[in-house]
Amino acid sequence: MAERFAKSHIAEWAAEFLGARERRTYSEGYGWSRGMPIIMARGNEPLEDAMVLMATHPGPALITSIDPVNLLLRFLHVSTPTDALKDVAASDSAGSG
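Just so you know, numbering that gives the first Met the number 0 puts 50 at position 51 of the sequence shown, and the rest follows in order with no gaps.
Simulated from the structure, these hints should not be mistaken for lab results. All C-beta atoms in this analysis are idealised placements derived from N, C-alpha and C, irrespective of residue type, glycine included. Certain hints may be false.
[To be verified] DEER-style ranges, computed between Cβ atoms:
no.: 1; residue 1: K85; residue 2: R20; range: 32 to 38 Å
no.: 2; residue 1: S78; residue 2: T24; range: 30 to 36 Å
no.: 3; residue 1: E15; residue 2: D82; range: 20 to 26 Å
no.: 4; residue 1: E11; residue 2: M35; range: 16 to 22 Å
no.: 5; residue 1: D82; residue 2: R33; range: 23 to 29 Å
no.: 6; residue 1: D86; residue 2: A14; range: 29 to 35 Å
no.: 7; residue 1: A19; residue 2: D66; range: 17 to 23 Å
no.: 8; residue 1: D91; residue 2: G30; range: 18 to 24 Å
[Unchecked claim] Here are the computed lysine to any residue pairs in the SDA-like style, where the Cα-Cα straight-line distance is at most 20 Å:
no.: 9; residue 1: K85; residue 2: Y29
no.: 10; residue 1: K85; residue 2: P59
no.: 11; residue 1: K85; residue 2: L52
no.: 12; residue 1: K85; residue 2: L71
no.: 13; residue 1: K85; residue 2: G30
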């Protein structure tokens with residue numbers, strides 16, 4: 000039952016976040032669009048499990064979860080491959096890499 004509550008809680012937070020016009024506009028700047036599938040994932044769920052659910056939807060989707068440490072809502076935008084993008088080296092969260 001706890002798992003069910005967590006997913007419901009994630010859905011409520013995501014709907015609240017995307018319900019505000021300025022947040023929708025912000026999210027649209029990063030590729031989100033209305034009607035895009037949103038995959039709910041537990042904060043400690045392996046990314047591979049969420050990607051399996053994402054693969055059932057054609058095109059881009061958002062994976063959303065609540066960080067289990069700081070209880071913040073997280074979004075991961077997953078898009079379809081494109082030749083316009085190239086692989087780059089990972090950088091740290093401060094952006095200095």
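Unsatisfied constraints (hint numbers, rising): 2, 3, 11 and 12
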